[in-house]
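S.K.: Okay, here's what each chain looks like letter by letter:
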Amino acid sequence: MAEWAIFLMSLCAMAALMLSMQQHQRNWLGAALSASASRRLRFAGFFLLVPTLLMAIAADGFGSGLTAWFGWETLAAVLIVGANALKVRDKGGRRK
Amino acid sequence: MSVLHGWTGLIPGWVVFVVFLFGTVAFYQQEISAWMRPEIGRGVLSQATLQKASRLLEAEVLPSGSWSLSLPPERGGEPLELSWQATRQAPEIRETLDPATGRPINVRETLGGQFLFSFHYNLHYMPGRVANFLVCIASLAMLLSIISGVITHKRIFKDYFTLRLDKGQRSWLDGHNVMAVLALPFHLMITYTGLVTLIFLIMPWAVMAEYPDTAAFRRDFRPDTPAVEASVTSVRGATPLQLIENARAIDGAQPTHVGTHKTDGGINVIEAWPNLHRLGASYETMFLRPDGTRIEPPAVPGAASQTMGVMVDIHAGRFSGYLLRWLYFFSGLVGTAMVATGLILWVKKRSSGAAAGQANAGLWLTERLNTGVIAGSIAGVAAYFLANRLLPLQVSGRSEQEVAWLFAAWAVVLLVALLSEPKRGWIIALGIGAILYALVPIVNAATTDRGLLASLAARDWIFVSFDLSMLTTSVVLALIGWHLYRRPQPREQSRRASKS
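Same order as they appear, the protein sequences are chains A and B. If you use my numbering, the first sequence corresponds to residues 1 to 96, in order. If you use my numbering, the second sequence corresponds to residues 1 to 500, in order.
Watch out, some of these pointers could steer you wrong.
Subject to a maximum C-alpha distance of 25 angstroms in a straight line, what follows is the list of computed PhoX-like cross-link-like pairs (lysine-lysine) [as the list claims (entries may be wrong)]:
#1 B:K349 / B:K423
#2 A:K87 / B:K158
#3 B:K154 / B:K349
#4 B:K167 / A:K87
#5 A:K91 / B:K158
#6 A:K91 / B:K167
#7 B:K167 / B:K154
Computed Cβ-Cβ distance ranges for the label pairs, DEER-style [what the hints assert, rightly or not]:
#8 B:M1 / A:L86: 24 to 34 angstroms
#9 A:G82 / B:K154: 16 to 26 angstroms
#10 A:R89 / B:R218: 51 to 61 angstroms
#11 B:E400 / A:R89: 42 to 52 angstroms
#12 A:A32 / B:L276: 45 to 55 angstroms
#13 A:G82 / B:K158: 13 to 23 angstroms
#14 B:T152 / A:K91: 28 to 38 angstroms
Chain B residues, not near chain A, derived (Cβ > 12 angstroms throughout) [stated by the list, open to error]:
#15 T87
#16 R218
#17 A408
Rather than coming from a laboratory, the hints here were simulated on the basis of the structure. Just so it is clear, CB atoms sit at the ideal spot from N, CA and C, and this is done for glycine as well.
Take the sequences, apply the hints, and build the full model.
M.R.: Below, the structure written as structure tokens:
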């Protein structure tokens with residue numbers, strides 16, 4: 001249960017971090033966001049990482065929890081990168 | 001720095017790839033062993049089985065004979081093994097029991113997951129020392145590659161989420177970067193702690209300065225013979241079951257092996273091996289008097305030794321539960337893919353620079369060796385599993401033959417890669433891999449009564465996960481091959497990408 005929460009929140013965090021970058025905003029939202037909106041997204045992304053780390057440590061203890069946390073973040077980031085890559089490719093295909 | 005990264009990456013890169021691939025697979029060595037020994041039934045070690053084994057030994061050998069009892073690890077993969085000698089002259093008798101039911105079983109001869117694990121640092125067909133040394137050099141180069149890679153990669157944060165597909169060389173670079181950066185903590189941890197496991201090989205000087213020979217050092221580092229008072233022979237013996245309980249009480253976990261300790265003086269001492277599947281477990285053998293009381297160890301391990309132990313535990317994920325083990329495995333796969341993309345990128349970068357037809361011999365060979373090593377070793381693992389099911393059970397040297405199948409399949413793929421034009425080589429090599437992996441669950445279902453459907457019905461998740469992993473690997477290899485087959489001219493695309 002805690003693992004699902006960690007995983008889903010990590011996904012949200014990584015998605016927010018990705019969307020805080022201009023190059024990705026164009027792909028996903030059609031246009032770049034304002035600088036302050038980007039900053040808020042970046043802040044939200046980093047902020048979400050804090051509870052995931054705390055939950056992982058609470059669930060597994062400091063050592064194992066921290067180790068698992070790195071694993072969850074890697075998994076979440078790889079999934080976001082995959083989604084992003086497919087999105088970019090699909091858009092490119094449609095433009096042709 | 002870029003040149004350094006390129007060359008420290010390529011030369012030992014093939015060794016690193018193999019180490020990463022087999023090391024990643026080895027996170028599941030116990031589960032693989034369970035699959036490769038289908039005679040061992042489902043379920044964990046039961047107290048009834050332990051009692052049965054204990055009574056058997058009491059009847060056969062106690063109090064004067066020698067005996068040993070090997071307990072299966074919690075994650076399974078090994079049977080309960082007993083052996084005993086009633087007197088010094090008597091022949092040794094062995095008995096293998098099913099951990100759950102306690103029934104005698106005949107387990108096929110195989111190295112199981114243990115071989116895949118040991119291959120990732122001992123390699124094969126060469127002396128262990130030489131292999132360790134090669135793996136050490138490769139790991140050092142890997143550490144250097146990681147650090148120089150981070151320095152070379154200037155847009156580490158800007159490109160954090162960037163993977164551009166279908167763009168030739170650019171895509172390979174993106175993929176390599178993404179896989180390196182996203183699992184960077186894992187890569188650093190696994191490479192560094194991996195080096196720590198071989199620390200005495202790469203940094204032997206402190207030991208050389210203090211000890212005249214390695215045997216003396218080993219005696220101090222892991223003393224294996226206790227100083228025993230001679231009177232212990234006369235004390236009343238405990239049953240094996242009580243000895244296991246006592247060892248568990250001392251160590252906090254079930255021992256993996258309990259038995260009489262062979263000493264020159266014929267003194268009757270019991271040894272118990274600690275359970276290593278924990279973080280920071282003691283590596284020292286425990287010694288007990290026959291009545292089960294502990295013989296205090298001559299010295300407790302020092303801080304440096306304990307630190308090393310913990311690092312090795314972290315490397316092997318020994319403490320991992322079910323989910324953390326999947327995360328380790330996943331990160332390992334990312335690392336394996338990072339090395340593979342790095343190797344491929346090395347070729348792409350240089351072949352897009354050189355005009356077509358002007359490719360040099362080094363590039364020609366590197367390109368084909370990439371296919372042979374990457375696709376070959378992957379296909380070899382499937383052949384190893386197939387051999388486990390297809391070789392006759394009674395054939396002599398069976399476990400070594402299974403290993404030979406692994407390398408035979410690898411050699412075939414290497415040969416195909418060397419003889420064909422690169423793209424064609426990749427497609428055939430990946431095709432061979434896809435077919436071999438797809439065959440594993442089929443052959444398993446045909447040769448045992450523990451096929452995928454039967455395992456699903458029995459809720460035997462180890463066998464279900466194993467078969468599904470084989471099918472997934474097959475599909476992934478087939479998809480990559482299909483993608484390559486459909487793509488018209490990769491060279492053309494990569495040139496376009498490098499111009500833009």
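S.K.: Hint by hint, say whether it matches the structure.
M.R.: Taking the hints in turn, this is what the structure says about them:
| no. | hint | result |
| --- | --- | --- |
| 1 | B:K349 / B:K423 | holds (16 angstroms) |
| 2 | A:K87 / B:K158 | holds (18 angstroms) |
| 3 | B:K154 / B:K349 | holds (18 angstroms) |
| 4 | B:K167 / A:K87 | holds (15 angstroms) |
| 5 | A:K91 / B:K158 | holds (21 angstroms) |
| 6 | A:K91 / B:K167 | holds (14 angstroms) |
| 7 | B:K167 / B:K154 | holds (20 angstroms) |
| 8 | B:M1 / A:L86: 24 to 34 angstroms | holds (33 angstroms) |
| 9 | A:G82 / B:K154: 16 to 26 angstroms | holds (24 angstroms) |
| 10 | A:R89 / B:R218: 51 to 61 angstroms | holds (57 angstroms) |
| 11 | B:E400 / A:R89: 42 to 52 angstroms | holds (47 angstroms) |
| 12 | A:A32 / B:L276: 45 to 55 angstroms | holds (54 angstroms) |
| 13 | A:G82 / B:K158: 13 to 23 angstroms | holds (19 angstroms) |
| 14 | B:T152 / A:K91: 28 to 38 angstroms | holds (29 angstroms) |
| 15 | T87 | holds (48 angstroms) |
| 16 | R218 | holds (29 angstroms) |
| 17 | A408 | holds (34 angstroms) |
Violation of the numbered hints given earlier is absent; every hint is satisfied by the structure.
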